[in-house]
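Asks: The listed protein sequences derive, respectively, from chains A and B. The first sequence begins at 1 in UniProt numbering and counts up one residue at a time. The second sequence begins at 1 in UniProt numbering and counts up one residue at a time.
Hint data in this document are derived by calculation from the structure and do not stem from the laboratory. As the structure is a computational prediction, the values presented were derived from the model and not from experiment. In this text, a Cβ means the ideal position worked out from N, Cα and C, and glycines have one as well. Hints should not be assumed to be uniformly reliable.
[Unchecked claim] Lysine to aspartate or glutamate pairs mimicking DMTMM-like chemistry, simulated, CA-CA at most 20 Å apart: (1) B/Lys64 with A/Glu429; (2) B/Lys335 with B/Asp352; (3) B/Lys335 with B/Glu89; (4) B/Lys201 with B/Asp237; (5) B/Lys170 with B/Glu341; (6) B/Lys181 with B/Glu203; (7) B/Lys181 with B/Glu199; (8) B/Lys170 with B/Asp391; (9) B/Lys201 with A/Glu429; (10) B/Lys312 with A/Glu114; (11) B/Lys179 with B/Asp156; (12) B/Lys201 with B/Asp150; (13) B/Lys276 with A/Glu114; (14) B/Lys348 with B/Asp156; (15) B/Lys360 with B/Asp257; (16) B/Lys67 with A/Glu114; (17) B/Lys179 with B/Glu283; (18) B/Lys276 with A/Glu120; (19) B/Lys276 with B/Asp257; (20) B/Lys201 with B/Glu174; (21) B/Lys202 with A/Glu120.
[Unchecked claim] Cβ-to-Cβ under 7 Å is the rule here; a few derived chain A residues that face chain B: (22) Gly162; (23) Thr214; (24) Ser218; (25) Met221; (26) Asp258.
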Amino acid sequence: MVDTLITGFMHGNAYAIVALGMSLIFGVSNVANFAHAAVFGMGMMIAWWLGSVLGLGIVPTIILVALITGLIGLLLNTLVISPLQNRPSVAALLATIGVGMILDNTSQMIFGTETRSFPELLPSHNIEFLGVRIGTSDIVMLLLTVAIMAGMAAFLKYGKMGQAIRATAQDTQAAKQVGIPVKRIQNISFVIASALAGVAGIFVGMFNSNVSPTSGSSVGMTAFIAATIGGLGSMPGAVVGGLTLGIVEALGVYSFGDGAHDLITFGALIVILLVRPNGLFGKKQVLHEPMTGSFSGGAKPYRIPKWLGPILIVAALVAPFLASDYFSSVGIQIMIYAMAAMGLTMVSGSAGQVALGQAGPIALGAYTSAILVGQLHASFLVGVLCGGLVAAIFSSIITFPVWKLSGHYIAIATIGVGSITVALIRVFEPITKGSLGITGIPFPQLFGFTLFTPQLQYVLVLAFLLIELLIITKIRKSHLGKTIESIGNDPVASESIGIRTSAYKALAFAIAAFFAGIAGALMAHQYTYIDPSMFPFATSSLVLTIAVLGGLSSPVGTILGAIVLVGAPELLRFMSGGRIIVYGVLLILIIIFRPQGLFAKKE
Amino acid sequence: MTRNNHISIRQLLIGACTAGALLFTSACAQNSTFGSGTSGESSSSSVAIAVMYPETGQYAEYGKMFKQGLDLGVKQVNADGGVQGKKLELKYFDTQSDPKQTAAIAPKIAADKSVVAVVGDYSSGASMAASPTFQQAKLVHYGFNNSASDFTSTGDYVWTPQFSQAVFQKQNAELVAQKAKKIAAVYIENDWGKSAYAEFKKEAKKLGISIVYESSYLADSTDLSPILIPARDAKPDAVVHIGYGPDGALVVNTLRDKLGYTGLFYGGQITQEYIKLSGSNGEGTRLIGPFTPDSTNPNAAKFVKAFRAAYKTDPGEFNQTSYASIIDLAYGMNKTSATREGVEKALKTVDDFPCYVGTKTTFKFNQSTRRMDSTSFLKLELTDGKFQITD
Chain A
1 MVDTLITGFM HGNAYAIVAL GMSLIFGVSN VANFAHAAVF GMGMMIAWWL GSVLGLGIVP
61 TIILVALITG LIGLLLNTLV ISPLQNRPSV AALLATIGVG MILDNTSQMI FGTETRSFPE
121 LLPSHNIEFL GVRIGTSDIV MLLLTVAIMA GMAAFLKYGK MGQAIRATAQ DTQAAKQVGI
181 PVKRIQNISF VIASALAGVA GIFVGMFNSN VSPTSGSSVG MTAFIAATIG GLGSMPGAVV
241 GGLTLGIVEA LGVYSFGDGA HDLITFGALI VILLVRPNGL FGKKQVLHEP MTGSFSGGAK
301 PYRIPKWLGP ILIVAALVAP FLASDYFSSV GIQIMIYAMA AMGLTMVSGS AGQVALGQAG
361 PIALGAYTSA ILVGQLHASF LVGVLCGGLV AAIFSSIITF PVWKLSGHYI AIATIGVGSI
421 TVALIRVFEP ITKGSLGITG IPFPQLFGFT LFTPQLQYVL VLAFLLIELL IITKIRKSHL
481 GKTIESIGND PVASESIGIR TSAYKALAFA IAAFFAGIAG ALMAHQYTYI DPSMFPFATS
541 SLVLTIAVLG GLSSPVGTIL GAIVLVGAPE LLRFMSGGRI IVYGVLLILI IIFRPQGLFA
601 KKE
Chain B
1 MTRNNHISIR QLLIGACTAG ALLFTSACAQ NSTFGSGTSG ESSSSSVAIA VMYPETGQYA
61 EYGKMFKQGL DLGVKQVNAD GGVQGKKLEL KYFDTQSDPK QTAAIAPKIA ADKSVVAVVG
121 DYSSGASMAA SPTFQQAKLV HYGFNNSASD FTSTGDYVWT PQFSQAVFQK QNAELVAQKA
181 KKIAAVYIEN DWGKSAYAEF KKEAKKLGIS IVYESSYLAD STDLSPILIP ARDAKPDAVV
241 HIGYGPDGAL VVNTLRDKLG YTGLFYGGQI TQEYIKLSGS NGEGTRLIGP FTPDSTNPNA
301 AKFVKAFRAA YKTDPGEFNQ TSYASIIDLA YGMNKTSATR EGVEKALKTV DDFPCYVGTK
361 TTFKFNQSTR RMDSTSFLKL ELTDGKFQIT D
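Produce the complete structure using the sequences and hints provided.
Replies: Written out as structure tokens, the structure is:
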């Protein structure tokens, strides 16, 4: 037991050292930096190269890695984050996801894809301690974590530059007026945080012993959870959050096995946020301005002229019969993702709440219909509708406590909700077959006629998409839609006139989850096979990105967003290796230069 | 005023570039990608096998190993006169082993008349999302890496040269039973790991092995001490691992380096990756395997020689299975015809496909499971940085 605690503590320390940089950036720029994990992974791979290919020792490795990752941080801030400064925070959040994609793929192209042993820059297993062996490297990492935490805290509190950083964080405009060079301050904080991420990569590399260009992202996500648990923006919080999470995970996995890992990690997140809505050390957030802000408020969707609508529908209907099967199958993917994203125009658009867990309801819909139709022989339409209902009900139950939180905490809690849903599907093996997945899900069947060809399935999905478009447009125009929108525009004012904001947010989410569930069910009947690994966090972030790109105020826009984001990897197929990098660049460019979304104009 | 102008011009420029790029790509795509299926009309002088594989993304390392084997296979087939006098080609499609992408690309492959069979993808989920399309197009889907027990259930055009886990794990349990009566077992939490472990457990029980601790682990877990501490504390004769190379190395490194475990270890994977990552901790690793560079199987020996000549390194299991898939299909077509029907007929009728795994030199398909019929495997031990055959 003691040995489990020790390993949990050491692993938690690895989370803590990564979480420190995330919290610093959040504190200074109010950005949930999802690229931090990629910078950290990049630092790990550069250190591997310096240590094993060039054979450098620990000190030159630390210096060089800090220099290079610091430079990456500078570029990240000047090229991507600064241009988004006056935008709602969801813009920067999505842009950093794009940067993460670019960095991870670049790292793969530079260093190759295989897993390799990290050089032992410091002895790693030389100290026998109560049943486990730890190393000098672990001790140094622990001292480093404490030193960084204390150093940063003191620097922010007493240093001249540190005070300037804090002033900038509190009120950028006021800081500018008293003569603080705000741009430089933000650049410096990104450089420091990214250099820290790189150095963390060296020590976590030694701790993990085996590394690959993709190992940054899994540690990075957990470190994000650690920073959130500790309270975003708090240095001691990052460390305590990391250690707490490490120990909770170790004890949980020790007792329930590693199969329940995600359930433990994200369960801890949700439980701690319920008790302490701003994390263990976070300050109470007075303002809870909607994260999506002017993404919707300042923009108006384009109107499709009355005569054009029917023409577009007919064109969409006829197209698959004129083009190849490939057109239909890509079209189906695009429409399914558009369906999953369209509901977010209610949650993230109207109610102003970022939802990063849509993979959850999609998976619920897929599993419900797969089981009902495939095993219990219900009819296809019943299966799909029940898929939507189950997704709406279960997601609402799991998400209900989340709406009490505010700002970024809701966004991160929804990540937890998505992961918990998928983890539960994995655990409920008797019903869901767990990791084995469900095979032989029948093709869509209507009135005894099976829709075999891609063209027929395309028409079916198109019909569902148009029905959803109609319903969502109607809701948005209705009294209910206006009420939800008022919450997004001014939550305080809406509460003061007696609107229960959290209940309406939950309702908007339930509607979005219903349609995401239907999209998931259609997906299951098209693939004919599903397993839990098909609904990762990447699915959730893709769905939100589609909604944002299309224009959060525009349900039609989500179709356009899906054409770009689901279609682009297919369209970019001719460029092979670099296509995901180009995709990431395209994503960032659109976010920077088309903030209101593709299908909306600025007001 | 000037500032505003400056911004709007810059925005305009970049906006125009983005739009231009989008238009350009969609225009290209209109011509080549979404054309009405006439692209790649079968030319009389060559036939193609389509490959769905992860060239990029988290499984790219496996994609690289596949490509080495596939390229070598096709080179040899063509050097030996091709298939029915025609040149054999490979058409590669990067899917990142993502079901959304395999499902999208499948009709494009099916519509290409020059394609006579499809091989890949890496994961079962990605493969099985594409299978229904191939089934309908009456195009053989030959999932050489898909050992999941349900893989061939989509229909009679879905085949795999993978042996069933029931056969493999029976022999694995027998190997373990030779030296251990009391074991702790850990396995990877995915469709393959789950079904493989279930078969292993069944056979182990029959052989009287007692399993004193068991746990699955997620593929992306970076610290496995919390499950390996109770595994060690249960004082087993051996720790059995069912999974892949990188995670196998993590298990054995954690056991030996961190937890001071000195007992027997069964598992890992026959790849250079596992051997390198586990280093001295991996020495003494035992497992049964279909293939090793030192295999005494004459077909395998010939393959190893060719692989070393081409890539200056030893091949692993993934290189071998991908290589063999091309040889199988070409061998079959040379006995029937170089068409889609020919491939299907060959898998149904040919009973002497060259066998690279285990000790047999030929194999045929079990017609009800559409998998390789039972075979025997090699008992291996990692000694001096090489998997060597033991008894």
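Asks: Each hint needs a verdict: does it hold in this structure or not?
Replies: Checked hints:
With a C-alpha separation of about 34 Å, the suggested pairing of B/Lys64 with A/Glu429 is violated against the 20 Å cut-off. At most 20 Å may separate the alpha-carbon atoms for a hinted pair to count; B/Lys335 and B/Asp352 meet this at roughly 11 Å. A C-alpha spacing of about 18 Å is found between B/Lys335 and B/Glu89, which places the hinted pair at or below 20 Å, so the restraint holds. In summary, the hint linking B/Lys201 to B/Asp237 is supported, as the alpha carbons are separated by about 16 Å, within the 20 Å threshold.
For the suggested pair B/Lys170 and B/Glu341, the alpha carbons sit about 35 Å apart, so the restraint of at most 20 Å is broken. With a C-alpha separation of about 13 Å, the suggested pairing of B/Lys181 with B/Glu203 holds against the 20 Å cut-off. Note on B/Lys181 and B/Glu199: the hinted pairing holds, with a Cα-Cα distance of about 17 Å set against a maximum of 20 Å. A C-alpha spacing of about 16 Å is found between B/Lys170 and B/Asp391, which places the hinted pair at or below 20 Å, so the restraint holds.
Annotation: proposed proximity of B/Lys201 to A/Glu429 holds, straight-line Cα distance about 17 Å (limit 20 Å). For the proposed pair B/Lys312 and A/Glu114, the alpha carbon gap of about 17 Å is at most 20 Å, so the pair holds. Between B/Lys179 and B/Asp156 the alpha-carbon distance is near 41 Å, which puts this suggested pair outside the 20 Å criterion. Simply put, B/Lys201 and B/Asp150 have alpha-carbon atoms about 19 Å apart, close enough for the 20 Å limit, and the pair holds.
Pair hint B/Lys276 plus A/Glu114 holds up; C-alpha atoms about 11 Å apart against a cutoff of 20 Å. With a C-alpha separation of about 10 Å, the suggested pair B/Lys348 and B/Asp156 falls inside the 20 Å cut-off, and the hint holds. At most 20 Å may separate the alpha-carbon atoms for a hinted pair to count; B/Lys360 and B/Asp257 exceed this at roughly 39 Å. Only pairs whose Cα atoms come within 20 Å are accepted, and B/Lys67 paired with A/Glu114 is accepted, the gap being roughly 14 Å.
For the suggested pair B/Lys179 and B/Glu283, the alpha carbons sit about 17 Å apart, so the restraint of at most 20 Å is met. Restraint check: the Cα-Cα separation between B/Lys276 and A/Glu120 comes to about 14 Å, which is no more than 20 Å; the hinted pair holds. A threshold of 20 Å between alpha carbons decides the hint, and for B/Lys276 with B/Asp257 the separation of about 15 Å falls inside it, so the pair holds. Between B/Lys201 and B/Glu174, the direct Cα distance comes to roughly 11 Å. Compliance with the 20 Å bound is thereby established for this hinted pair.
With a C-alpha separation of about 41 Å, the suggested pair B/Lys202 and A/Glu120 falls outside the 20 Å cut-off, and the hint is violated. Residue-level restraint check for A/Gly162 is violated (minimum Cβ-Cβ distance to chain B is 31 Å; threshold 7 Å). Proximity of A/Thr214 to chain B holds as hinted, the smallest CB-CB distance being about 5 Å (cut-off 7 Å). Because the beta carbon of A/Ser218 sits about 4 Å from the nearest beta carbon in chain B, less than 7 Å, this interface hint is met.
This hint is violated: A/Met221 has a C-beta 9 Å from the nearest C-beta of chain B, more than the 7 Å allowed. Given the 7 Å rule on beta carbons, the hint for A/Asp258 holds: about 4 Å separates it from the nearest Cβ of chain B.
In summary, the numbered hints that this structure violates are 1, 5, 11, 15, 21, 22 and 25.
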